[in-house]
Amino acid sequence: MENTVLMAIFTMSGLSLFFSIFLGFADKFLRVEENPLIAKVNELLPGANCGGCGFAGCYDFATKVVEGKVEPSACSVNDSDNVKEIGALLGKEVQSGPKLVARIMCKGGKAEAVRKQTEYHGPKTCLAMHVLSGGDKLCFYGCLGGGDCVNVCPFQAMFMNSNGLPVVIDELCTGCGICVQNCPRNIIELHPIDRKVFVFCKNQDDPRTSAQVCKVACTGCSVCARKLDGAVKIENNLAFLNYEALEKLETVELSEICKTGALSKLKGNGNFN
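Counted from 1, the sequence shown has number 411 at position 247 by this note's numbering; the numbering is strictly sequential.
Calculated directly from the structure, the hints in this document are not laboratory data.
Please note: incorrect hints may appear among the correct ones.
Claimed, not checked - No farther apart than 27 angstroms at their CA atoms in a straight line, the calculated lysine-lysine pairs in the DSS-like style are these:
#1 429 x 360
#2 412 x 263
#3 423 x 280
#4 274 x 379
#5 431 x 274
#6 263 x 248
#7 412 x 391
#8 360 x 274
#9 391 x 379
With these hints in hand, go ahead and build the complete structure from the sequences.
Structure, rendered in structure tokens:
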């Protein structure tokens with residue numbers, strides 16, 4: 165019995181010594197030296213790990229920046245001063261573009277969108293409503309009102325208003341795009357913060373149907389396209405803006421052109437009026 169115990173002790177001790185030597189060897193000869201710039205770049209990132217850049221987190225993004233696989237400005241959450249400082253570390257001049265914020269391309273809330281006769285009793289998330297029944301609105305293009313975008317925002321930059329629509333808080337929005345990725349109706353877009361004129365509708369039904377399902381729908385009537393030549397075009401019963409001609413849109417009273425209000429100006433902080 166004693167011999168067995170001693171044998172076990174010697175065996176375990178021998179194995180411990182072997183693995184200690186092996187690990188010491190591996191640490192000395194197999195170590196991959198990390199570029200010290202990665203840590204410095206990471207310190208200049210916001211540390212939100214939101215994934216809006218498309219990478220696993222800020223450290224992964226910093227690694228790709230140092231490797232030259234992505235531009236420092238690809239992190240929309242970071243401020244311009246830090247972006248420029250990262251560029252200085254890497255010995256390159258970096259131009260940061262305008263701040264991007266989320267915009268909700270739907271004005272059809274509880275007061276505007278016509279509801280179905282049957283009541284929905286399933287999970288109250290946008291994704292579930294979109295997949296299971298299409299939601300409780302007759303419009304199959306508009307906001308479902310489940311608040312998925314609000315719930316996934318890592319910066320608390322959105323909230324649901326009393327009309328059942330999400331509102332963006334411009335000061336808090338970083339343009340990370342997570343809300344865009346999580347909207348099953350694809351009605352959230354990223355735009356420069358100073359852009360105020362939009363077509364707040366995605367409905368591509370025929371004019372009669374779109375008018376019946378929502379008071380503020382774009383009906384594809386083409387009035388805006390005729391009166392704002394070059395600034396608006398109609399495709400699939402829906403108006404699309406030419407953002408290069410925004411000056412023309414800024415100088416006209418849009419309420420006199422678009423009677424439903426689908427084409428209108430944002431008043432600020434994601435509010436329509």
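For this structure, which hints from the list above don't hold up? none
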